[in-house]
Structure formats: structure tokens, C-alpha cells
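Colleague: Work from the hints to combine the two standalone chains into their complex.
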Amino acid sequence: KAGVTQTPRYLIKTRGQQVTLSCSPISGHRSVSWYQQTPGQGLQFLFEYFSETQRNKGNFPGRFSGRQFSNSRSEMNVSTLELGDSALYLCASSLADPSRETQYFGPGTRLLVL
Amino acid sequence: GESVGLHLPTLSVQEGDNSIINCAYSNSASDYFIWYKQESGKGPQFIIDIRSNMDKRQGQRVTVLLNKTVKHLSLQIAATQPGDSAVYFCAEIPGSGNTGKLIFGQGTTLQVKP
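Chains as they are written, first to last, in my numbering: chain A, 1 to 114; chain B, 1 to 114.
The following block holds chain B by itself, in its conformation from the complex (with noise of 0.2 angstroms):
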């Protein structure tokens, strides 16, 4: 069936480390992803999306990587700031036919420690 999900609930690390959120996604027919953060009392903000004709895409300190053959993708953000603490979620189309229709996953949770 369609499903988008992250490997962790829950990711703590401290200032200034790099975070890796984790996601796999079960359509291999998708193929636009994106990650978006969702601050508490907030609708869910984009951060960055990549289209399945890419592997790797960046923006200011994230990077996004699709990994096709194991339908995995994950976002890594540099240097993590206290600003980045939210919960995370990957989301999928799941390919032509379901005009917007994201499948977001569940939703990581990240920590930063000060």
C-alpha cells in the first residue's frame, strides 16, 4: 500500500551537530519528495523537495538524498540550531493520477541540546 515512513520518532543532538532524518517510502512509482518542518501552533513550512530524476539536492544547510533502489531519503542538516527543533516529515506523490495528494510519513521529531 501507500505509506511514507521515518525510521525515528524522536532524534536529540546537540548544537552544532549534524542531524540525519531518515524516511522510506513504498510507492516506487513516486516521484516527488519533499521534507517539511512543523513547529509547534505551525502548518508545516517546505524546506526542500527533489524529484526522482536526482539523488542529491541542496539548499542552505540541508541536503536532501533519494536513494531509488532502496527507496530510502533523507534530509541532513548542518550545524543544527535550537531554531531547528521541530517535527520533521518527508511526504511523497504518489505518482500520476492523485493531483495533490501528498503521503507524508508519521514525523521525526528533532532536539537540539543546547
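Isolated chain A, as found in the complex (with noise of 0.2 angstroms):
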């Protein structure tokens, strides 16, 4: 079975800018969360998605937001981009309740802003 699948893999990006990243979650998964990493702040939770739903929302400015399709795929948007954005974007799935199960990451997406 394919694991969590992230495209791209690398952006640059310069500030002012919107990214869109995608995240394919393993098969017959449908809860999708995404995370933010940053040597300085570490793993941050940004939201989860299931059934084409926003669950959870973690501490991050309305720049940032996302949505599911109903093949439960999953995008995340950053809009008018701050050098701060620069991260590794995680996305991670699992089958339905992530609080009780398993969440199986991605190898992320490396944003960096200039």
C-alpha cells in the first residue's frame, strides 16, 4: 500500500506570494492533518479535514488554510506569503479518528520564501 504522498516536494517562493501544496493520503484514509515545521517552533498542528470538513483548527493566522476533496485528497494554501513561512509542510492521514489512531506522515513539503 502507497504511503502519504506530498507534491511538490521543494518551492521557493518570494514574499507576497500565495502556495498551494497537495497531500495524498494512504489509501482507504480519511482524516488528513497538516503541520508545520520549523527549527525554531518545532512540529506545529495547522488543521485537519475529514469528510471534506474542517475538524481542528490549530494557532496559525487565516493565512493559511485548506480543504478535502472527496477522494480525500487534501491542499493547503498560503496566502500572501511572510519569510517566517519558511518550513517543512507535513500532511499526515489516517483512517478516521486520529486521536485514536495512527497518523502516517508524508516526507513533506520544503516551502522556502525570499
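Take these hints with a grain of salt, some might be off.
What follows is a list of derived Cβ distance ranges for each label pair [claimed, not checked]:
| # | chain 1 | residue 1 | chain 2 | residue 2 | range |
| --- | --- | --- | --- | --- | --- |
| 1 | A | Ala96 | B | Ala29 | 14 to 24 angstroms |
| 2 | B | Ile20 | A | Gly16 | 45 to 55 angstroms |
| 3 | B | Asp17 | A | Thr80 | 15 to 25 angstroms |
| 4 | A | Ser79 | B | Lys42 | 24 to 34 angstroms |
Quick list of in silico lysine to any residue cross-link-like pairs, SDA-like style, CA-CA up to 25 angstroms [unchecked claim]:
| # | chain 1 | residue 1 | chain 2 | residue 2 |
| --- | --- | --- | --- | --- |
| 5 | B | Lys71 | A | Gly3 |
| 6 | B | Lys42 | A | Leu81 |
| 7 | B | Lys42 | A | Phe60 |
| 8 | B | Lys42 | A | Ser86 |
| 9 | B | Lys42 | A | Leu112 |
| 10 | A | Lys57 | B | Asn27 |
| 11 | B | Lys71 | A | Glu101 |
| 12 | B | Lys68 | A | Asp97 |
| 13 | B | Lys42 | A | Gly58 |
| 14 | B | Lys68 | A | Lys13 |
| 15 | B | Lys56 | A | Tyr104 |
| 16 | B | Lys42 | A | Pro8 |
| 17 | A | Lys57 | B | Phe46 |
| 18 | B | Lys68 | A | Thr102 |
| 19 | B | Lys68 | A | Arg100 |
| 20 | A | Lys57 | A | Glu82 |
| 21 | B | Lys68 | A | Glu101 |
| 22 | B | Lys42 | A | Ala96 |
| 23 | B | Lys42 | A | Ala2 |
| 24 | A | Lys13 | B | Gly41 |
| 25 | B | Lys42 | A | Arg30 |
| 26 | B | Lys42 | A | Gly84 |
| 27 | A | Lys13 | B | Lys42 |
| 28 | B | Lys42 | A | Glu101 |
| 29 | B | Lys56 | A | Thr102 |
| 30 | B | Lys42 | A | Gln41 |
| 31 | B | Lys42 | A | Tyr104 |
| 32 | B | Lys42 | A | Gly28 |
| 33 | B | Lys42 | A | Gln37 |
| 34 | A | Lys57 | A | Asn71 |
| 35 | B | Lys42 | A | Thr7 |
| 36 | B | Lys68 | A | Ser65 |
| 37 | B | Lys42 | A | Ser65 |
| 38 | B | Lys42 | A | Asn77 |
Keep in mind that the hints were calculated from the coordinates and are not lab data. Ideal placement from N, C-alpha and C gives every residue a C-beta, glycine not left out.
Modeller: Below is the structure:
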């Protein structure tokens, strides 16, 4: 069974631009969570989607948004990029309830904002 | 507040020795804990998990111990190998109503000396 896949793997943007990252969960998994990883803040929860609905959200500004499609694939969008948005963005999937099931992570998308 | 911390940022061990990585958590309502391993350039990889109704769980060469009295979690790796070199994160689910929200510690870098 294929793991969680994320595209693109690397991205360079400039301040003020917007970016869209994509995540395909493990087949059969319907919950998708997103995390931001930086050296200073570590791994921080962004949001979680299930059945095309956002169920939980972390403490990030409204510039960070996401969505989930009927096939459980998910995208996250960051608008008006800032230098501090440079990070590794990780997607994780689980069957349905990540509070009770293992979350499996993808390789991440490394975003550099110049 | 919510936080999961690790006692040491770096642990250096000799190949073949046992490794013990420690983690303290602050939310007594957390009932699910996970250890992840992250190698350079990759996403976190699930190692082992434990629920609050257990105090010990064993996997292949790994054991997780949970002490709810002092809110402490540890990961023991037997016969540490060079391939175990990575950053290890403990994570908790901070209780009901926080679907998908893993709270991660800062990570411990395990260095295995040949």
C-alpha cells in the first residue's frame, strides 16, 4: 500500500506570493492533518480534515487555509507569504479518528520564502 | 499550558548499547502517546504508541514506558544500531475534542557511534 504522498517536494516563493501544497493520503484513510515544522517552533498542528470538513484548527493566522476533496486528497494554501512561513509542511493521514489511530506522515514539502 | 518536552536535545550512544529517550508531558488529560522517528529529509515515521490505560508496551527492539503519576514517557531502544540515528519526537493527543491535534515535543537527536 502506498504511503502518504506530498507534492511538490520543494518550493521557492517570494514574499507576498501565495502557494498551494497537495497531499494524497494512504488509500482508505479519510482523515488528513497538516503540520508545520521549523527549527525554532518544532512541529505545530495546522488543521485536520475529514469528509471534506475541517474538524480542528491550530493557532495559525487566516492566511493558512485548507480543503479536502471527496477522494480524501487535501490541499493547503498559504496566501501573502512571509519570510517566517519558510518551513517543512507535513501532511499526515489516518483512517478516521486521529485521536485514536496512528497518523502516518508524508515526506513533506519544503517551502522557502525569499 | 499544553506542552510535551524532552529532557535532552542530543543523546550519543555506542553501537550495541541500549538507548533511553525521555519525555515529559504536561496535560494530565492526554490519553494517547506516540513516538516518532525522523531522519534527515523525511517525514516523521511511527515507531510505537501507548494509551493511558497501559504503562508499558513493547515492539521490535523498542519499549515505551508511561508513568502517569509524574507525567513521564520514555522510549527504550535495545542494541542501538547506526540506522537508529535520527531525531525522536514524543507526541500526545491532548484529550477529547482535539481531533487530529498531535502535540509534539522538541525532539531528541540520537547519535550512534560505531
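Colleague: Would you mind marking each hint as holding or not holding in the structure?
Modeller: Hint by hint, here is what the structure shows:
Here the CB-CB span from alanine 96 of chain A to alanine 29 of chain B is close to 22 angstroms, well matched to the stated 14 to 24 angstroms. As the Cβ distance of isoleucine 20 of chain B to glycine 16 of chain A is approximately 47 angstroms, the hint placing it in 45 to 55 angstroms holds. The hint said 15 to 25 angstroms for the Cβ distance between aspartate 17 of chain B and threonine 80 of chain A, and at roughly 50 angstroms that hint is violated. Checking the proposed 24 to 34 angstroms range against serine 79 of chain A and lysine 42 of chain B shows it holds: the Cβ atoms sit about 28 angstroms from each other.
A distance of roughly 32 angstroms separates the Cα atoms of lysine 71 of chain B and glycine 3 of chain A; the hinted pair therefore is violated under the 25 angstroms criterion. A distance of roughly 24 angstroms separates the Cα atoms of lysine 42 of chain B and leucine 81 of chain A; the hinted pair therefore holds under the 25 angstroms criterion. Between lysine 42 of chain B and phenylalanine 60 of chain A, the direct Cα distance comes to roughly 24 angstroms. Compliance with the 25 angstroms bound is thereby established for this hinted pair. Restraint check for lysine 42 of chain B and serine 86 of chain A: satisfied, since their Cα atoms lie roughly 17 angstroms apart, inside the 25 angstroms limit.
Pair hint lysine 42 of chain B plus leucine 112 of chain A holds up; C-alpha atoms about 17 angstroms apart against a cutoff of 25 angstroms. Proposed proximity of lysine 57 of chain A and asparagine 27 of chain B is supported: the alpha carbons are some 19 angstroms apart, at most 25 angstroms. As the CA atoms of lysine 71 of chain B and glutamate 101 of chain A are separated by approximately 21 angstroms, the hinted pair is consistent with the 25 angstroms bound. For the given pair, lysine 68 of chain B sits about 23 angstroms from aspartate 97 of chain A by alpha-carbon distance, which is consistent with the 25 angstroms threshold.
Only pairs whose Cα atoms come within 25 angstroms are accepted, and lysine 42 of chain B paired with glycine 58 of chain A is accepted, the gap being roughly 23 angstroms. The hinted pair formed by lysine 68 of chain B and lysine 13 of chain A fails the criterion: a straight-line CA distance of about 45 angstroms is larger than 25 angstroms. Distance hint between lysine 56 of chain B and tyrosine 104 of chain A is fulfilled; the C-alpha atoms sit about 22 angstroms from each other, no more than 25 angstroms. In summary, the hint linking lysine 42 of chain B to proline 8 of chain A is supported, as the alpha carbons are separated by about 14 angstroms, within the 25 angstroms threshold.
For a cut-off of 25 angstroms, the pair hint linking lysine 57 of chain A to phenylalanine 46 of chain B stands: about 22 angstroms separates their Cα positions. Restraint check for lysine 68 of chain B and threonine 102 of chain A: satisfied, since their Cα atoms lie roughly 21 angstroms apart, inside the 25 angstroms limit. With a C-alpha separation of about 18 angstroms, the suggested pair lysine 68 of chain B and arginine 100 of chain A falls inside the 25 angstroms cut-off, and the hint holds. Among the hinted pairs, lysine 57 of chain A with glutamate 82 of chain A is consistent with the structure: their alpha-carbon atoms are about 20 angstroms apart, no more than 25 angstroms.
For a cut-off of 25 angstroms, the pair hint linking lysine 68 of chain B to glutamate 101 of chain A stands: about 20 angstroms separates their Cα positions. For the given pair, lysine 42 of chain B sits about 24 angstroms from alanine 96 of chain A by alpha-carbon distance, which is consistent with the 25 angstroms threshold. With a C-alpha separation of about 16 angstroms, the suggested pair lysine 42 of chain B and alanine 2 of chain A falls inside the 25 angstroms cut-off, and the hint holds. A hinted pair counts as satisfied when its Cα atoms are at most 25 angstroms apart, and lysine 13 of chain A with glycine 41 of chain B qualifies at roughly 20 angstroms.
For the hint pairing lysine 42 of chain B with arginine 30 of chain A, the CA-to-CA distance comes to about 22 angstroms; that is within 25 angstroms, so the pair holds. With a C-alpha separation of about 21 angstroms, the suggested pairing of lysine 42 of chain B with glycine 84 of chain A holds against the 25 angstroms cut-off. Between lysine 13 of chain A and lysine 42 of chain B the CA atoms are separated by roughly 21 angstroms; this keeps the pair inside 25 angstroms, and the hint holds. With a C-alpha separation of about 21 angstroms, the suggested pairing of lysine 42 of chain B with glutamate 101 of chain A holds against the 25 angstroms cut-off.
Restraint check for lysine 56 of chain B and threonine 102 of chain A: satisfied, since their Cα atoms lie roughly 17 angstroms apart, inside the 25 angstroms limit. Under the criterion of a C-alpha separation no larger than 25 angstroms, the hint pairing lysine 42 of chain B with glutamine 41 of chain A is consistent with the structure, at around 18 angstroms. The suggested pairing of lysine 42 of chain B with tyrosine 104 of chain A holds, with an alpha-carbon distance near 12 angstroms, which does not exceed 25 angstroms. Of the supplied pair hints, the one linking lysine 42 of chain B and glycine 28 of chain A holds, its CA atoms being roughly 23 angstroms apart against a limit of 25 angstroms.
Annotation: proposed proximity of lysine 42 of chain B to glutamine 37 of chain A holds, straight-line Cα distance about 12 angstroms (limit 25 angstroms). Taken as a hint, the lysine 57 of chain A and asparagine 71 of chain A pair is honoured in the structure, with Cα atoms around 21 angstroms apart against an allowance of 25 angstroms. Simply put, lysine 42 of chain B and threonine 7 of chain A have alpha-carbon atoms about 14 angstroms apart, close enough for the 25 angstroms limit, and the pair holds. A C-alpha spacing of about 36 angstroms is found between lysine 68 of chain B and serine 65 of chain A, which places the hinted pair above 25 angstroms, so the restraint is violated.
Simply put, lysine 42 of chain B and serine 65 of chain A have alpha-carbon atoms about 24 angstroms apart, close enough for the 25 angstroms limit, and the pair holds. In summary, the hint linking lysine 42 of chain B to asparagine 77 of chain A is supported, as the alpha carbons are separated by about 21 angstroms, within the 25 angstroms threshold.
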